[in-house]
Amino acid sequence: MNIHIPTPLRAYTGGAETVSVPGTTVAEVFTALTTEYPELKQQLFNTEGKLRSFVNVYVNDEDLRYLPSKDATQVAATDELTIIPSIAGGSAVRASRNSLCCSCCPLL
Amino acid sequence: MLHIQYNDYEAMRAHGEETYPHECCGVLLGKSDAEGNHVVQIVRAGNTRTDSAHNRYNIAPQELVKIQRQARGLGLDIVGFYHSHPDHPAQWSPTDFAEAHWIGCSYVITAVEKGEAAITNSFLLTGTNEEDKKFADQPIEIGVAV
Chain V
1 MNIHIPTPLR
11 AYTGGAETVS
21 VPGTTVAEVF
31 TALTTEYPEL
41 KQQLFNTEGK
51 LRSFVNVYVN
61 DEDLRYLPSK
71 DATQVAATDE
81 LTIIPSIAGG
91 SAVRASRNSL
101 CCSCCPLL
Chain F
1 MLHIQYNDYE
11 AMRAHGEETY
21 PHECCGVLLG
31 KSDAEGNHVV
41 QIVRAGNTRT
51 DSAHNRYNIA
61 PQELVKIQRQ
71 ARGLGLDIVG
81 FYHSHPDHPA
91 QWSPTDFAEA
101 HWIGCSYVIT
111 AVEKGEAAIT
121 NSFLLTGTNE
131 EDKKFADQPI
141 EIGVAV
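So the sequence lines, in the order shown, correspond to chains V and F. The numbering used here numbers the first residue of the first sequence as 1 and each following residue consecutively. The numbering used here numbers the first residue of the second sequence as 1 and each following residue consecutively.
If you are wondering where the hints come from, they were derived from the structure by calculation, not from laboratory data. It cannot be assumed that every hint is accurate.
As the list claims (entries may be wrong) - Partial chain V-side listing against chain F, Cβ under 8 angstroms, derived: (1) N2; (2) Q43; (3) T47; (4) N56; (5) P68; (6) S86; (7) G90; (8) S91.
All values derive from a computational prediction rather than experimental measurement. By construction, the Cβ of each residue, glycine as well, lies at the ideal position given by its N, Cα and C atoms.
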């Protein structure tokens, strides 16, 4: 099946935006992916072998976390798997109107 | 270097003014080369952090999947993200750093002071993994409108 690789991980797939690996379940696909591109393993999985918390995986348009069979979900060659790191952040602490910055700001 | 056209730069800042006092967020589509990240198009995104939108932002992964698909259709890549800091400096926060995972991408922050866009800064997430990632100041080159 085709796996869409986000920009920061393409350094580990030889620059490929989409790679194709065999497998009949998501777990098999990930095993094939990290066998062919071993450097991806550390990027995607923690030391316990679980997907890092900020790594989102979509099977077509379904979030893997919410699929009942999780990584045992069956996939076909025509399915698409998308790896997408999360995007979040924010100023976290509102600045006081009487100060330019806050104690957490790395400028200080 | 972050290369962006004037119209996109202004649209990004205007987005922050529109959502004030909440944070705005969006995605930068373009191409990367040895000279930096070149923005071809910006895409507005929704902030899912309705519980704390004044100082947090989050783009739903589902929306990001669609934006990545859109980029692919245009022959572009996701090269960065932008968000605003309402009444807060245009400097990355510990939260921004902890939640930054797109190494090689630009993180653009616009300070919006009392509803008006002020300073805009860009930070390049460098490194090779979560353990050695860093934010580096990234100059912005604004293309002249044609």
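Here is how each hint holds up against the structure:
At about 11 angstroms, the closest approach between the beta carbon of N2 (chain V) and any beta carbon in chain F exceeds 8 angstroms, and the interface hint on this residue is violated. Residue-level restraint check for Q43 (chain V) holds (minimum Cβ-Cβ distance to chain F is 6 angstroms; threshold 8 angstroms). Using the Cβ-Cβ criterion of 8 angstroms, the hint placing T47 (chain V) at the interface with chain F is not satisfied: the shortest such distance is roughly 11 angstroms. At a threshold of 8 angstroms, the smallest CB-CB gap from N56 (chain V) to chain F is about 4 angstroms, leaving the interface hint in force.
The beta carbon of P68 (chain V) is not positioned within 8 angstroms of any beta carbon in chain F (closest approach about 18 angstroms), and the interface hint is therefore violated. Here the hint on S86 (chain V) is kept, as its CB sits about 6 angstroms from the closest CB of chain F, short of 8 angstroms. Restraint check, G90 (chain V) versus chain F: the minimum CB separation of about 4 angstroms is within 8 angstroms; hint holds. A hinted interface residue such as S91 (chain V) counts as satisfied when its beta carbon comes closer than 8 angstroms to some beta carbon of chain F; here the least separation is about 4 angstroms, so the hint holds.
Consistency note: the structure conflicts with the earlier hints numbered 1, 3, 5.
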